[in-house]
Amino acid sequence: MPNKLKSFGRDTGLQVRMATTMFLLGLLYVAFVGALFYSGVSGVFILVFAGGMALLQLFASDKMALAAMGARTVEPDEAPELHAMIERLCLQADLPKPKIAVVDTRMPNAFALGRSPKSATVACTTGLMELLSPAELEGVMAHELTHVANRDVMVMTLASFFATIAAYIVQFGFLFGGGMHGGGDDDDGPGFLAVLLISVVVYAVSFVLMQALSRYREFAADRGAAIITGRPSALSSALMKISSGMHRIPSQDLRSQQQLAAFYIFPPGAGKSLASLFATHPPMEKRIEALSRLEMQLQSGA
Amino acid sequence: MGFLDVLRGKPKLKGPAPDRLFAMSTAWVTIETEMNMTSAGQAAIVFQPLATADFDAIVADMEAVVGATGSETGTTVEKHDDSFGYRWMVLRDPDFDDLVVGLNAVNTALQDGGYGDRVLCGLFAFADASGRPVHIIYNVKRGTFYPFVPKPGGVQSRDTEAELRLRAQLDKELPIEPELERWFPLWGVPLS
Numbered sequence: 001m002p003n004k005l006k007s008f009g010r011d012t013g014l015q016v017r018m019a020t021t022m023f024l025l026g027l028l029y030v031a032f033v034g035a036l037f038y039s040g041v042s043g044v045f046i047l048v049f050a051g052g053m054a055l056l057q058l059f060a061s062d063k064m065a066l067a068a069m070g071a072r073t074v075e076p077d078e079a080p081e082l083h084a085m086i087e088r089l090c091l092q093a094d095l096p097k098p099k100i101a102v103v104d105t106r107m108p109n110a111f112a113l114g115r116s117p118k119s120a121t122v123a124c125t126t127g128l129m130e131l132l133s134p135a136e137l138e139g140v141m142a143h144e145l146t147h148v149a150n151r152d153v154m155v156m157t158l159a160s161f162f163a164t165i166a167a168y169i170v171q172f173g174f175l176f177g178g179g180m181h182g183g184g185d186d187d188d189g190p191g192f193l194a195v196l197l198i199s200v201v202v203y204a205v206s207f208v209l210m211q212a213l214s215r216y217r218e219f220a221a222d223r224g225a226a227i228i229t230g231r232p233s234a235l236s237s238a239l240m241k242i243s244s245g246m247h248r249i250p251s252q253d254l255r256s257q258q259q260l261a262a263f264y265i266f267p268p269g270a271g272k273s274l275a276s277l278f279a280t281h282p283p284m285e286k287r288i289e290a291l292s293r294l295e296m297q298l299q300s301g302a
Numbered sequence: 001m002g003f004l005d006v007l008r009g010k011p012k013l014k015g016p017a018p019d020r021l022f023a024m025s026t027a028w029v030t031i032e033t034e035m036n037m038t039s040a041g042q043a044a045i046v047f048q049p050l051a052t053a054d055f056d057a058i059v060a061d062m063e064a065v066v067g068a069t070g071s072e073t074g075t076t077v078e079k080h081d082d083s084f085g086y087r088w089m090v091l092r093d094p095d096f097d098d099l100v101v102g103l104n105a106v107n108t109a110l111q112d113g114g115y116g117d118r119v120l121c122g123l124f125a126f127a128d129a130s131g132r133p134v135h136i137i138y139n140v141k142r143g144t145f146y147p148f149v150p151k152p153g154g155v156q157s158r159d160t161e162a163e164l165r166l167r168a169q170l171d172k173e174l175p176i177e178p179e180l181e182r183w184f185p186l187w188g189v190p191l192s
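Chains R and U are the protein sequences, given in the same order. For the first sequence, the residue numbers in the working numbering are 1 to 302. For the second sequence, the residue numbers in the working numbering are 1 to 192.
Treat the hints with caution; some may be incorrect.
Stated by the list, open to error - Okay, the calculated bits of chain R under chain U, using three or more residues with CB under 8 Å as the criterion:
no.: 1; segment: 20-27
no.: 2; segment: 69-80
no.: 3; segment: 88-97
no.: 4; segment: 131-143
What the hints assert, rightly or not - The calculated PhoX-like cross-link candidates involving lysine-lysine, where the alpha carbons are at most 25 Å apart (straight line), are:
no.: 5; chain 1: U; residue 1: K141; chain 2: R; residue 2: K118
no.: 6; chain 1: U; residue 1: K141; chain 2: U; residue 2: K79
no.: 7; chain 1: U; residue 1: K79; chain 2: R; residue 2: K99
These are computed hints drawn from the structure, not numbers from a lab. Cβ coordinates follow ideal geometry from the N, Cα and C atoms, glycine included.
Whenever a hint applies, use it, and build me the whole structure from the sequences.
Structure, rendered in structure tokens:
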């Protein structure tokens with residue numbers, strides 16, 4: 001009986017779905033890059049430009065995002081309990097200690113930022129700390145730490161790389177597309193139009209795939225949190241409290257940060273009308289269902 | 001975590017590292033003779049108690065085993081649940097080597113029960129020449145030690161200077177944790 005918990009938290013179905021999504025994304029991008037170069041539309045320039053943007057996003061976005069959300073990094077003496085809780089979780093998850101930030105708002109939420117575990121920041125709102133019991137808060141912070149351990153910011157930035165390029169092409173195409181054909185020669189006309197069309201398709205398909213990937217990584221973070229804390233039900237209870245709290249307290253400030261929605265524990269402004277295909281987070285019932293499966297595995301010692 | 005694990009978003013809880021706990025037995029000689037520190041006669045192991053039936057049984061077995069060895073060596077064991085939901089098994093024995101053996105017994109019992117990955121750390125309590133508490137924490141997952149010297153008073157602040165000095169002194173004796181951002185403090189150590 002070397003390690004009983006090895007199989008605890010295994011979810012092969014999730015792994016398969018995640019791998020399929022990534023494979024489809026990759027396939028799409030390879031086809032897209034091929035089409036770009038084939039048509040010869042200053043593809044290199046666009047690649048370099050988007051690459052630069054992605055790098056900038058990876059290396060400079062943390063501070064901007066924190067500032068945009070009004071998050072303030074707190075030292076141990078300002079939030080001693082939060083620090084001590086995260087330190088214990090880091091010890092358990094074998095992670096270096098991230099920076100810890102607090103957003104002063106009634107809305108209960110938490111998020112993680114940073115391209116690598118060493119440069120990560122985890123943040124939670126004062127509303128979250130008020131709403132949740134210590135065990136529930138621990139579950140939520142473990143969820144965010146799993147995002148850090150899984151390098152989800154990095155994965156999602158890379159995954160969105162080509163979608164970003166496609167978006168640029170679509171934008172540039174609509175801006176300059178008409179003007180560039182004024183020269184009279186028809187050579188680049190069909191080529192450019194084809195790239196524009198392909199870009200639109202790439203953008204649309206990759207958007208849906210990205211959202212799917214985001215949902216799978218959300219499940220993975222829930223599972224990771226359950227493994228780190230050993231208390232899946234505490235996270236379930238936290239999710240239930242947060243989701244009811246979200247609907248009770250309307251808020252504008254975090255809702256505007258749609259770009260960062262993927263890294264929240266719970267998406268801001270998630271309404272029932274939102275088509276599940278376009279949601280960055282899986283529906284709460286499914287997350288709680290997955291967590292209760294984990295609790296059952298844990299209880300049966302499987 | 002490997003590249004593939006990152007891609008698949010597969011969280012694995014790291015199991016215990018190769019056991020380097022007994023490095024403390026040899027280091028103790030240096031600590032006592034050259035560093036002018038005394039053992040507080042106490043050590044502890046910290047773990048997450050899971051709310052499952054078999055875990056309770058394993059903990060009960062473990063307590064029985066440690067209690068039995070304790071009656072030979074004179075080690076007393078005491079349970080303590082802290083405010084963060086972790087359980088401390090506090091061992092008291094004037095003989096330092098017995099503390100190391102006892103800590104190892106607790107750790108082994110949890111590992112044999114299949115719950116080795118629930119152990120957070122081990123902790124040895126010392127006092128420096130002026131009687132101030134000095135802790136040496138054993139990170140079970142990484143098999144490394146690091147010093148933790150809380151400043152007196154209720155505030156959560158640590159004496160980094162003293163800790164870095166201890167690292168220099170203990171570097172040859174113990175596998176010291178090389179990354180300073182992993183020197184996690186443990187506030188409110190329930191040792192007297």
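Verify the coverage statement for the segment 131-143 of chain R against chain U, using a C-beta to C-beta distance below 8 Å and requiring 3 or more qualifying residues.
-> holds (count 3)
Are three or more residues of the segment 88-97 of chain R within 8 Å, CB to CB, of chain U?
-> With 8 residues in contact (Cβ-Cβ under 8 Å with chain U), the coverage given for the segment 88-97 of chain R holds.
Taking a Cβ-Cβ distance under 8 Å as contact, does the segment 69-80 of chain R have three or more residues in contact with chain U?
-> holds (count 3)
Pairwise hint evaluation, K118 of chain R against K141 of chain U, where the allowed Cα distance is 25 Å at most = Holds, at about 18 Å.
Are K141 of chain U and K79 of chain U close enough, with their CA atoms no more than 25 Å apart?
-> Holds. K141 of chain U to K79 of chain U sits at ~22 Å (cutoff 25 Å).
Would the pair K79 of chain U and K99 of chain R pass a check requiring their Cα atoms to be no farther apart than 25 Å?
-> Violated - the C-alpha atoms of K99 of chain R and K79 of chain U are around 32 Å apart, more than 25 Å.
Per the coverage rule (Cβ-Cβ under 8 Å, at least three residues), is the segment 20-27 of chain R covered by chain U?
-> This one is violated; 1 residues, fewer than the three required, reach chain U with a Cβ under 8 Å.
In terms of the numbered hints stated before, the structure departs from hints 1, 7, listed from lowest to highest.
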